[in-house]
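Q: For reference, the chains in residue letters:
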Amino acid sequence: MTLDLIKGNIAIAQAAFDAGCNSYFAYPITPQSEIGEYLGAIMPKANRVYVCAESEIASINMCIGSAATGGTPMTSSSSCAISLMQEGLSYACAQELPIVVASVMRAGPGLGNIYPSQADYNQAVKGGGNGDYNIIVLAPGNVQECIDYTHRAFYLAKKYRNPVFILSDGLIGQMMEPAEFTKYPYEDIDNSDWILSGAKGREPRIIRSLSETGEMHHERVKKLFQKYKTIEENEVLYKEYFTDDADIIVVSFGSLSRNVKGAVKKCREQGIKVGAFRPVTLYPFPSKKLYELSKTAKKFIVAEMNMGQMINDVKVAVKGADVDFIGRSAGDWLDIDEIVDCVKESAGGIYANI
Amino acid sequence: MQIYKIPESLRKDTNFTFCAGCGHGVAIRSLCECIDELNLREKALAMVGVGCSAFLYHFLNIDSLECPHGRATAEAAGAKRVNPDKFVFTYQGDGDFAAIGLTESFYAGIRGENITTICINNNNYGMTGGQMGPTTLIGQVTTTTPYGRSAELNGYPLKIAEHIAMLEGTAFSARVSLDSVPNIIKAKEAIKKACEVQVKKLGFGFVEILSSCPTNWRMTPYEANEHIREKVVKEFPLGIFKNILEK
Numbered sequence: 001m002t003l004d005l006i007k008g009n010i011a012i013a014q015a016a017f018d019a020g021c022n023s024y025f026a027y028p029i030t031p032q033s034e035i036g037e038y039l040g041a042i043m044p045k046a047n048r049v050y051v052c053a054e055s056e057i058a059s060i061n062m063c064i065g066s067a068a069t070g071g072t073p074m075t076s077s078s079s080c081a082i083s084l085m086q087e088g089l090s091y092a093c094a095q096e097l098p099i100v101v102a103s104v105m106r107a108g109p110g111l112g113n114i115y116p117s118q119a120d121y122n123q124a125v126k127g128g129g130n131g132d133y134n135i136i137v138l139a140p141g142n143v144q145e146c147i148d149y150t151h152r153a154f155y156l157a158k159k160y161r162n163p164v165f166i167l168s169d170g171l172i173g174q175m176m177e178p179a180e181f182t183k184y185p186y187e188d189i190d191n192s193d194w195i196l197s198g199a200k201g202r203e204p205r206i207i208r209s210l211s212e213t214g215e216m217h218h219e220r221v222k223k224l225f226q227k228y229k230t231i232e233e234n235e236v237l238y239k240e241y242f243t244d245d246a247d248i249i250v251v252s253f254g255s256l257s258r259n260v261k262g263a264v265k266k267c268r269e270q271g272i273k274v275g276a277f278r279p280v281t282l283y284p285f286p287s288k289k290l291y292e293l294s295k296t297a298k299k300f301i302v303a304e305m306n307m308g309q310m311i312n313d314v315k316v317a318v319k320g321a322d323v324d325f326i327g328r329s330a331g332d333w334l335d336i337d338e339i340v341d342c343v344k345e346s347a348g349g350i351y352a353n354i
Numbered sequence: 001m002q003i004y005k006i007p008e009s010l011r012k013d014t015n016f017t018f019c020a021g022c023g024h025g026v027a028i029r030s031l032c033e034c035i036d037e038l039n040l041r042e043k044a045l046a047m048v049g050v051g052c053s054a055f056l057y058h059f060l061n062i063d064s065l066e067c068p069h070g071r072a073t074a075e076a077a078g079a080k081r082v083n084p085d086k087f088v089f090t091y092q093g094d095g096d097f098a099a100i101g102l103t104e105s106f107y108a109g110i111r112g113e114n115i116t117t118i119c120i121n122n123n124n125y126g127m128t129g130g131q132m133g134p135t136t137l138i139g140q141v142t143t144t145t146p147y148g149r150s151a152e153l154n155g156y157p158l159k160i161a162e163h164i165a166m167l168e169g170t171a172f173s174a175r176v177s178l179d180s181v182p183n184i185i186k187a188k189e190a191i192k193k194a195c196e197v198q199v200k201k202l203g204f205g206f207v208e209i210l211s212s213c214p215t216n217w218r219m220t221p222y223e224a225n226e227h228i229r230e231k232v233v234k235e236f237p238l239g240i241f242k243n244i245l246e247k
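One line per chain: the protein sequences are H and D, in this order.
First residue of the first sequence: 1, per the working numbering; consecutive thereafter.
First residue of the second sequence: 1, per the working numbering; consecutive thereafter.
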């Protein structure tokens, strides 16, 4: 195993290339522009498609055109510009198209600022497009995971014919750390039975989302939700840290989970039985596992670099268990001591001597 | 003797569902004849807009993708870039192409996307019941301009084909009309050229088709064609504005 010093954004770009991404369409925005710059150098040389789109509206629709006709597309963007893609994402879900979107979060609402944030949890997981749909969301917490989960994003997109988000943030995107460009580990998935390839020797295919009747629409959406059920049963990923005997479990995702781990260590040294739980797939959300943990843990604390978004999914999962929150408006970091202090405060009701 | 037959590129088991006198049926048939004559059907990919043009995929014997409103040229660009040997075309209304999709449409010409676009100009949003659109004539009564389109309030009609012709990457741009048999023949010739420039990999091929909308214009089909001849072509003159095949 050879480790190189790799930047998070570059990790996503090279991993996408290695996963067979044959078309990349995007518009620049900080803090993810390195993805486009890197692919701008390697895609044309490999005879793959790279288009500097005129807007994020265009880039997501170029992805749709590519995916519907057998391509393996990716786009990448951030926050206020991911907002522009919501129409296209709704269509891509309805038309069941495999598209990978790397979303490198900055602060919002509005133009916000360019610092790291997790304020687009709802944007990715709940979506801003119209209608009943779900997007698979993978949240890497370090540079190696940017590589591994980018590979996985392409695999899941093709396996389920569904858009997949890699939900990173400006911190992981701009940070360098040792990681390895491993080989794409998944099998190829045949798409020849549904893509638009020209009606030669067969009936023409139509990829559409419009339903002429209510019944037709109901059937269409029902079929989508059968697929989502399969995804929920099979694709949940999470990581645990000292949860076995934990009285308090801190739930966080992505980059912040690194500091949560540090805080757990510190608390354990002080005799507080704390553990950390980290959803890796934000959709499908590891609700079942959290509910299981709620039977032994006395309290949950949700830590986020936002004003409280994932906390709503945690509350639903733990069905009435105690849930506290620590977070602050996007664009600022929660350091280890802040999290430790929060844990101590929450622990006040559990341990008499703290 | 020439025997009339349904083009191979049209499905044989469906009938057009357009209003009486609407130009869409003639436009689609002409397009399908061109695709047949250039032997492109089996590698054709249709990118279909939203509006009355959205009905297209019911009639085509061609693989089709339903695109969000205004985004057909972006989807066509994505499809063509990964499938350079396929024949990729969009079929859109003027509202789709030149209002909500103007940015994507212009960039097809700016980047010289090697695709073909047919844009139906019927001076209003037909599908939603005849509201003012980018090509509505000054003074024209629509459901959203009950006193007639006023330049002061609503600006001016957009001359689409002339603007597309100005873009470096455009290979062919023309405006044609379906108001009479001679003009229908000319329209088909223009559509064929817009297809040919793609086959020859020369850039963006574009045809704007003046098409009547008797239902929303509150006219008979005959009156609607008269109206095109008397009023519409004065605002939107017919002609080929760019043709690099004859450069």
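Simulated from the structure, these hints should not be mistaken for lab results.
Mixed in with the good hints, there may be bad ones.
[Stated by the list, open to error] Below, a list of computed lysine-lysine pairs in the DSSO-like style, where the Cα atoms sit at most 30 angstroms apart:
| no. | chain 1 | residue 1 | chain 2 | residue 2 |
| --- | --- | --- | --- | --- |
| 1 | H | Lys45 | D | Lys192 |
| 2 | D | Lys201 | H | Lys159 |
| 3 | H | Lys200 | D | Lys200 |
| 4 | H | Lys273 | H | Lys344 |
| 5 | D | Lys43 | H | Lys200 |
| 6 | D | Lys201 | H | Lys200 |
| 7 | D | Lys231 | H | Lys200 |
[Said to hold, decoys possible] Residues of chain D clear of chain H, computed beta-carbon distances all greater than 12 angstroms:
| no. | residue |
| --- | --- |
| 8 | Tyr57 |
| 9 | Asp85 |
| 10 | Ser150 |
[What the hints assert, rightly or not] To be clear about the criterion: a stretch of chain H counts as covered by chain D if any three or more of its residues have a C-beta under 8 angstroms from a C-beta of chain D, and this derived list gives those stretches:
| no. | region |
| --- | --- |
| 11 | 12 to 25 |
| 12 | 86 to 92 |
| 13 | 188 to 200 |
| 14 | 218 to 231 |
| 15 | 280 to 286 |
Note that CB positions come from ideal geometry on N, CA and C, so glycine has one too.
Q: If a hint holds in the structure, say so; if it does not, say that too.
A: We went through each hint and held it up to the structure:
Simply put, Lys45 (chain H) and Lys192 (chain D) have alpha-carbon atoms about 34 angstroms apart, too far for the 30 angstroms limit, and the pair is violated. Among the hinted pairs, Lys201 (chain D) with Lys159 (chain H) is inconsistent with the structure: their alpha-carbon atoms are about 34 angstroms apart, more than 30 angstroms. Taking the CA atoms of Lys200 (chain H) and Lys200 (chain D), the gap is about 22 angstroms. The hint holds against a cut of 30 angstroms. Proximity of Lys273 (chain H) to Lys344 (chain H) is assessed by CA-CA distance (about 11 angstroms); at most 30 angstroms being required, the pair is judged to hold.
Taken as a hint, the Lys43 (chain D) and Lys200 (chain H) pair is honoured in the structure, with Cα atoms around 7 angstroms apart against an allowance of 30 angstroms. For the proposed pair Lys201 (chain D) and Lys200 (chain H), the alpha carbon gap of about 22 angstroms is at most 30 angstroms, so the pair holds. Of the supplied pair hints, the one linking Lys231 (chain D) and Lys200 (chain H) is violated, its CA atoms being roughly 44 angstroms apart against a limit of 30 angstroms. For Tyr57 (chain D), the requirement that its beta carbon stay farther than 12 angstroms from each beta carbon of chain H is not met, with the minimum near 5 angstroms.
Look at Asp85 (chain D): its CB is around 10 angstroms from the nearest CB on chain H, not clear of 12 angstroms, so calling it non-interface is violated. At the 12 angstroms boundary, the C-beta of Ser150 (chain D) stays outside the reach of chain H, the nearest C-beta of that chain being 30 angstroms off. As drawn, the region 12 to 25 of chain H meets chain D at 3 residues by the rule of a beta-carbon pair under 8 angstroms; at three or more, the given contact holds. With 3 residues having a beta carbon nearer than 8 angstroms to a beta carbon of chain D, the region 86 to 92 of chain H meets the requirement of three or more and the stated coverage holds.
Residues of the region 188 to 200 of chain H with a Cβ under 8 angstroms from some Cβ of chain D number 5, which satisfies the need for three, so the listed coverage holds. Residues of the region 218 to 231 of chain H lying with their CB closer than 8 angstroms to a CB of chain D number 0, which falls below the three-residue condition for coverage. Beta-carbon proximity to chain D at under 8 angstroms applies to 0 residues in the region 280 to 286 of chain H; the threshold of 3 is not reached and the given coverage is violated.
Hint violations for this structure: numbers 1, 2, 7, 8, 9, 14 and 15, all remaining hints satisfied.
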